[in-house]
Amino acid sequence: NCLLSALKSLSPDQLIGIIGQIVIDHPSIEKEIRSHFPVADLKPLEERIYYLRRNIYKALPSSRLISKTDPTAYNRVSTHVLAFKKCVVDQGRRLVESNQWPIVMDYVFMAWKHVRNTPIWDNPAHNAARRQCFKSLSAQCMTALKHMKDTMNQQSCDNYKNQLKLLVDDSEDMEWCLHFLNIHE
Numbered sequence: 001n002c003l004l005s006a007l008k009s010l011s012p013d014q015l016i017g018i019i020g021q022i023v024i025d026h027p028s029i030e031k032e033i034r035s036h037f038p039v040a041d042l043k044p045l046e047e048r049i050y051y052l053r054r055n056i057y058k059a060l061p062s063s064r065l066i067s068k069t070d071p072t073a074y075n076r077v078s079t080h081v082l083a084f085k086k087c088v089v090d091q092g093r094r095l096v097e098s099n100q101w102p103i104v105m106d107y108v109f110m111a112w113k114h115v116r117n118t119p120i121w122d123n124p125a126h127n128a129a130r131r132q133c134f135k136s137l138s139a140q141c142m143t144a145l146k147h148m149k150d151t152m153n154q155q156s157c158d159n160y161k162n163q164l165k166l167l168v169d170d171s172e173d174m175e176w177c178l179h180f181l182n183i184h185e
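Under full-length UniProt numbering, the residue at position 70 of the sequence shown is numbered 70, and the numbers go up by one with no gaps.
Accuracy of the hints is not assured; some may be wrong.
Derived DSBU-like pairs (lysine-lysine); straight-line CA-CA distance at most 35 Å [said to hold, decoys possible]:
| # | residue 1 | residue 2 |
| --- | --- | --- |
| 1 | Lys-58 | Lys-31 |
| 2 | Lys-161 | Lys-31 |
| 3 | Lys-8 | Lys-85 |
| 4 | Lys-31 | Lys-146 |
| 5 | Lys-113 | Lys-86 |
| 6 | Lys-58 | Lys-85 |
| 7 | Lys-68 | Lys-146 |
| 8 | Lys-43 | Lys-8 |
| 9 | Lys-135 | Lys-43 |
| 10 | Lys-68 | Lys-8 |
| 11 | Lys-68 | Lys-43 |
| 12 | Lys-31 | Lys-149 |
| 13 | Lys-135 | Lys-58 |
| 14 | Lys-8 | Lys-86 |
| 15 | Lys-58 | Lys-165 |
| 16 | Lys-149 | Lys-165 |
| 17 | Lys-135 | Lys-86 |
| 18 | Lys-161 | Lys-146 |
| 19 | Lys-31 | Lys-43 |
| 20 | Lys-43 | Lys-146 |
| 21 | Lys-149 | Lys-161 |
| 22 | Lys-113 | Lys-43 |
| 23 | Lys-161 | Lys-86 |
| 24 | Lys-165 | Lys-146 |
| 25 | Lys-58 | Lys-146 |
| 26 | Lys-58 | Lys-68 |
| 27 | Lys-86 | Lys-31 |
| 28 | Lys-149 | Lys-135 |
| 29 | Lys-146 | Lys-135 |
| 30 | Lys-113 | Lys-135 |
| 31 | Lys-149 | Lys-86 |
| 32 | Lys-86 | Lys-58 |
| 33 | Lys-135 | Lys-165 |
| 34 | Lys-8 | Lys-58 |
| 35 | Lys-146 | Lys-86 |
Between beta-carbon pairs, the in silico distance windows are [stated by the list, open to error]:
| # | residue 1 | residue 2 | range |
| --- | --- | --- | --- |
| 36 | Ser-35 | Arg-94 | 45 to 51 Å |
| 37 | Glu-47 | Asp-169 | 22 to 28 Å |
| 38 | Asp-158 | Glu-47 | 48 to 54 Å |
What the hints contain is simulated information worked out from the structure, not anything from laboratory work.
Every residue gets a Cβ at the ideal spot worked out from N, C-alpha and C, and that includes glycine.
Make a model of the complete structure from these sequences and hints.
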């Protein structure tokens, strides 16, 4: 098909612009377009997070005689820590902007385990990026829960509660999400 060939040559932004304009001109087809959306694939997002987390550990001192969590070690890996944080926050933000709330929740749980597995530094100030990741993921979780509250069944609600209970120890911000689910049962 000639149209398909032409579409393949366009950038993602150009495709978004064209589809957006068609939906503006013909609002009735938005539902049909949405019905053809595939479920977002979190695998490339997780691979990117894993790669950046691995870079943090690769840059740490390898000697058993040297601390891996002191300020000197942090200084060696700080650029990797900041790249990791930026990735976690930006990927989550893009998913929130897509309004695919169950996928946002899946992302929060997936990214959380990677953030949890980053080093905890001796100097509390050096843990700021880790705290910011947890705070951002908690906010993304709350946004998703607020948007899903009217459509979520009891089984999904219970499932989310069980998963959130496991995250509360890492960040008290997640307690707000758990509290929100308990209120809206």
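Straight-line Cα separation of Lys-86 and Lys-31 no greater than 35 Å?
-> Since the Cα atoms of Lys-86 and Lys-31 sit roughly 33 Å apart, the hinted pair holds (cutoff 35 Å).
Given the hint of 22 to 28 Å, check if Glu-47 and Asp-169 actually sit that far apart at their C-beta atoms.
-> 27 Å, holds
Hey, Lys-113 versus Lys-135, does the alpha-carbon distance stay inside 35 Å?
-> Distance of about 14 Å is within 35 Å: holds.
Is Lys-43 within 35 Å of Lys-146, Cα to Cα?
-> 25 Å, holds
Between Lys-149 and Lys-135, does the CA-CA distance stay at or below 35 Å?
-> 21 Å, holds
Taking 35 Å as the top limit, are the C-alpha atoms of Lys-113 and Lys-86 close enough?
-> 16 Å, holds
Given hint Lys-8 paired with Lys-68 - CA-CA distance at most 35 Å = 48 Å, violated
Given the hint that Lys-165 pairs with Lys-146, test it: the Cα-Cα distance must not exceed 35 Å.
-> 18 Å, holds
Would you check the hint for Lys-135 and Lys-165, treating anything up to 35 Å between C-alpha atoms as holding?
-> Within the cut-off at roughly 16 Å; holds.
Agreement of Lys-43 and Lys-8 with the hint, judged by alpha carbon distance not exceeding 35 Å = 23 Å, holds
Keeping to a limit of 35 Å between CA atoms, is the pair of Lys-146 and Lys-86 held or broken?
-> 24 Å, holds
Pair hint Lys-135 and Lys-86, alpha-carbon separation not exceeding 35 Å | OK: Lys-135 and Lys-86 at ~13 Å, within 35 Å.
Of the numbered hints given earlier, the model fails hints 1, 7, 10, 25, 34, 36 and 38; all others are met.
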